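Visitor: Given next are the chains, with one letter for each unit.
There are 2 protein chains.
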Amino acid sequence: MGAYLVFKDLAIIIVFAKVFGILARKCKAPMVVGEIIAGLIIGPCLLGWVQPTDFILQMAEIGVILLMFSAGLETNLKEMIKTGPKALLIACAGVFVPLLGGTLLYMCFYGFSAVGTPEFFKAVFIGTIMTATSVGITVEALREMGYLKGKIGTTILNAAIIDDIIGMIVLTVVIGFNDPEAQPWMVVRNTVLFFCLALVGGYIAYKIFKKVDQRYPHTRRITIAGLALCLIMAYAAERYFGIADITGAYVAGIILCNIRDSEYIARRLDINSYVMFGPIFFASIGLKTNIQNMDWSILLFSLGFVVVALLTKIIGCGLMSMACKMPTKHAIKVGVGMMTRGEVALIVAQKGMSVGLLDPVYFTSVILLIITSSILTPILLKLLYSKYPEDAADSGETAKA
Amino acid sequence: MGAYLVFKDLAIIIVFAKVFGILARKCKAPMVVGEIIAGLIIGPCLLGWVQPTDFILQMAEIGVILLMFSAGLETNLKEMIKTGPKALLIACAGVFVPLLGGTLLYMCFYGFSAVGTPEFFKAVFIGTIMTATSVGITVEALREMGYLKGKIGTTILNAAIIDDIIGMIVLTVVIGFNDPEAQPWMVVRNTVLFFCLALVGGYIAYKIFKKVDQRYPHTRRITIAGLALCLIMAYAAERYFGIADITGAYVAGIILCNIRDSEYIARRLDINSYVMFGPIFFASIGLKTNIQNMDWSILLFSLGFVVVALLTKIIGCGLMSMACKMPTKHAIKVGVGMMTRGEVALIVAQKGMSVGLLDPVYFTSVILLIITSSILTPILLKLLYSKYPEDAADSGETAKA
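One line per chain: the protein sequences are A and B, in this order. In terms of our numbering, the numbers along the first sequence are unbroken and rise by one, the last being 1000. In terms of our numbering, the numbers along the second sequence are unbroken and rise by one, the last being 1000.
One or more of the hints may lead you astray.
The list treats identical chains as one, so a pair stands whether inside a single copy or across any two.
[Claimed, not checked] Result set (DSS-like, lysine-lysine): computed pairs, CA atoms no more than 27 angstroms apart in a straight line:
#, residue 1, residue 2
1, 625, 981
2, 806, 625
3, 806, 607
4, 685, 928
5, 810, 607
6, 625, 810
7, 681, 750
8, 677, 607
Note that these hints are calculated values from the structure, not bench results. These numbers were taken from a predicted model, which means no experiment stands behind them.
Based on the provided sequences and hints, a complete structural model is requested.
Guide: This is the structure we're talking about:
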């Protein structure tokens, strides 16, 4: 059998991921950066202690599903609907400007290609990676300064959530269209069908879960039922609709985000995530990253990628905020607050790699983007707030600054 | 890639395992029985919805490692050393009488074979499965009656713990000797070497963990470090000493059972276990059980297996208790209390199957034993205690009965 052979890989991954995660946090970078670097070090790139075997990749896939489910569970649906139109507009701008920017960047480097060709979709995919904001670091920075519950803070938070959903839809459509056998109308039909069924089925599932939850609150069975819904939707999305499994898991999370035990489920599954599946997922990105093919042109591309990704968010979200009658000084804050990227960008990139839309060599660009944006955002926000403090008329709470 | 394909299997397993686990508990049987039955139903035996793929088997292996690690973590080393000699003697009798009984039973059915032949080790393995007491149900029954902390309760509990350790050593030796290329003295040398190294290395690891734990109590890093130790010891045991990986994990648990956060680690990993790995492990036993080869002779054997397994524990532990100057009426209670079997018997059986010492068809016997002993023990204990209540001189606390 030799099933025990996987223990060595697992032990190496979780230890290295944890150690480098802690080091990254000490350097004020997000922990995931450390975990990815751990994967780079122990993987075929450097030491070669751990290979990306089928088992590791399947564990990583469970890891990413759990992460997306958790993200869905933490969605505040009511708040999102309330702030509505403005956040939606900002989110749209925050998705489509980077999408366009990334596509054009790729085409500038590697030549323009006709709509519908494989090269075209590769270009669009570079843009797709740029779409999703990971607002965690912004939230942390705003909370520290006491501005999180202010008008700008709320706007950023809600725009970031909607932006995730739109980003997932874009990802779904891009992957769908890329399949050479898929008819464009089939992709649209499948996507619409999936979201309609998710709406109807999700409502029914929500009602059932709410009842079960009232009868058996804080139980193992509610956690397991939630996990089962996540797995089933992830599977069904990919198997029957050609939609990314992570989208399915994310929608499953949104379905359950309003039951009373949503936080309970999220906490239980987070333990699963951080102990084993999460580190394996992030380390697996490092394991799969191929720096052997790295050269100057890719390094240059990575620099362009980072600059375009950051600027398009600031410009897109900032201009749309101004269009929504926000003063320029505040609009810039929204733009800067929206420019952080994190797990979701990696998840999207990894998905693209698995369907052949992204060369593993570009993982480096994504990692560079995450590191840069994670370091720059808190610094810039602090500068902006100290220069243009949010006054009482703007803010929902008394600012400490 | 198709890594998402595993989601369907996982969803089916965890849902069925949970549902049947709850049903089993409603019928007063242990949950694991329900989980195994779930595996039987969804597996190739009946519906054929889930196949025991490599991935599922590897997940199951992680599951059993986590279970054994947890069992080790919950060991009360001090208590065990204190009650010392008497519990040790009872445990020895509780291991060797069933070991002998099981071996003879197999030989009665399938013919006597010379020492050292493969058939001989198969016979010994049937005895080995009978050795380990799973005292959970006894503890539950004694607690309900208010006799858990009495003299008899303490004796049973400690004997059961020691009996696990001796059982693991027996398992290790049997598997070691069975390897045709292994020299007998090599097996003994490796076993002794492993336990010596575990003692020395374990002491060092314990000291390090104690320090880390004092500095970072209740942290993720302590949980992950614990899990890493478990994985490394499981791997090293099997890879370098030819000792069962579950023994390594169990020893890792014992090493850490005295650090302050042992319970914290156990709780964290239990969540991992019950949400995913545990159900997969128990269901995988059902998945692998082969009832197609079931016939009357095996059914008859199973009945004999159950009777011998129960009687040898009662006789072995009971007589040894009497030899330790316990009155007969109490000695019988010890014997009955020790006769419950559970996870560990399954774990041992599964290990035997993976090294070719046990035909999958005998899983049915083990399952039958677990069900029978789980139902009989509480009933018999109740009868015995109401007929011969433990008086103040025997009991550490006032009995409620």
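Visitor: Can you list which hints this structure breaks, lowest number first?
Guide: Of the numbered hints, just 8 does not hold.
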